[in-house]
Amino acid sequence: MKVYSEISSNKLKTWIIMFLFVIFITTVIYVFSNALGYGLSLVGIGLIVSGLMSLGSYYYSDKMVLAMSGAHEIKREDHKELYNTVENLTIAGGIPLPKIYIINDNSPNAFATGRDPKHATVAVTTGLLDQLSKTELEGVISHELSHIKNFDIRLMAVVVILVGFIALVSDFFMRSLWFGGSRDNERNSSQGILVLIGIIFAILAPIAAVLIQLAVSRKREFLADASGVLLTRYPEGLATALEKIARYPHPLKNANNATAHLFISSPFKNRKGRNFLAGLFNTHPPIEERIKILRSM
Amino acid sequence: MLYAAITIAIVLLFLWLIYNNLITARLRVNEALSQIDVQLKRRADLIPNLVETVKGYAKHEKELLEKITQERAALVSAKGMAEKAEVNNQLSQTLKSIFAVAENYPDLKASQNFLELQEELSDTENKIAYSRQFYNSSVLDYNTKIQVFPNVFFARILNFKEAEFFGADKKDKEKVEVKF
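These protein sequence lines map, in sequence, to chains G and R. In this note's numbering, each number is its position in the first sequence, counted from 1, plus 1124. In this note's numbering, each number is its position in the second sequence, counted from 1, plus 380.
Pulled out of the complex, with its shape left as it was, chain G reads as follows (with noise of 0.2 Å):
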């Protein structure tokens, strides 16, 4: 079956991403300190902590996310429409129930992240219980439901954190080289490093946005939206649920590059020309599209 094969899938591409993040760094690390003549303790450590920043995304990554999206957690009490929702769901797809937590922003938006369904979080915004209708929420709910069973979360979150990493310091050195200059002639040396560093950055940062568009295909946001409308068997559900969710004008404030993939619909709107890495790990496909294929089943 499809699903099943995706599954494996996307187990052993988190395993590929997670090696070729050590590999990387290490090689990265290795180049400096030849260049610089530390030898090659400095590689060993880069080893170790490469090594030890893959293996702790594997498991904490769910909660780094959740911290850098400002989610707090919820009980049936506080929230016991989304709770059922949820909780029905899950029982519909036979999947045992994640954590759901709520973000306190406007811009109606959701994601799914964990490294396997027993250790999984369902979170959404606070914009999106307001505006969407209870089969809307279904329709959002089974899609991010369908991300967690076909471990889709598992890579996603190892995504965030390694690729999302090189991205990030990649993001830093570039404005550094833009804004820092030449303003200081006597620390020219130091000077040239970091733009050494910078340029090699800038050079992996598109590497790393292959590797996501790789990894991220968009192949598996249409699979999570027909295989969400298998448990909700109503498709046009998650349609609206889209088009409100497109319609919305204003971003969302806790989303970056890294954590964009997470989400059900780029968190970013039309605000594209942030930097032109944005436009590099855009990942969604186009939310009429979605609309579309839903519309025709």
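Some chain R residues close to chain G (C-beta under 10 Å, calculated; not the full set):
#: 1; residue: 411
#: 2; residue: 412
#: 3; residue: 415
#: 4; residue: 499
#: 5; residue: 506
#: 6; residue: 507
#: 7; residue: 510
#: 8; residue: 511
#: 9; residue: 513
#: 10; residue: 515
#: 11; residue: 517
#: 12; residue: 518
Here are the in silico distance ranges between beta carbons for each label pair:
#: 13; chain 1: G; residue 1: 1135; chain 2: R; residue 2: 536; range: 29 to 37 Å
#: 14; chain 1: R; residue 1: 411; chain 2: G; residue 2: 1257; range: 30 to 38 Å
#: 15; chain 1: G; residue 1: 1196; chain 2: R; residue 2: 440; range: 43 to 51 Å
#: 16; chain 1: G; residue 1: 1378; chain 2: R; residue 2: 450; range: 55 to 63 Å
These are computed hints drawn from the structure, not numbers from a lab. Glycine is no exception: its CB is placed at the ideal position from the N, C-alpha and C atoms.
We have chain G already, so just place chain R on it with the hints.
For chain R alone, coordinates are given in the frame of chain G:
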């Protein structure tokens, strides 16, 4: 000799995979079944409370209350999928009549206890529907697996039997109307 051994090894491996596949599918059906039972039990547990509450306000509805008490007992003692499904459907109908009748008793309708029970029961009704959906899709998956070639021979020999669907009657498929 070597070729024979390799052939036998491949066949055994193949049978092993089929067997695990079938067992997993059957386990999933059983798990789905216990999910339904959990929800049916929850419903059965709520009904005595409902009967007590309604009795306090609407003494004239004795017949309806007796009917639902009997159906609840039938639900608890029901064996097998078909019987459970049928009794459960009857119970849904009777519950609907009770909630319709409650319209005539303003005090009952306003009672906090009754409102909570109504909410709980409608939530349980939803959950029964969802667990039935999961059960039926697991059954479909399992029944398909034991009927396709070449699994069918293996399933016959090891006595894998087709699982029963949890039926819903036509009225049940319509959207439940909640009146306030």
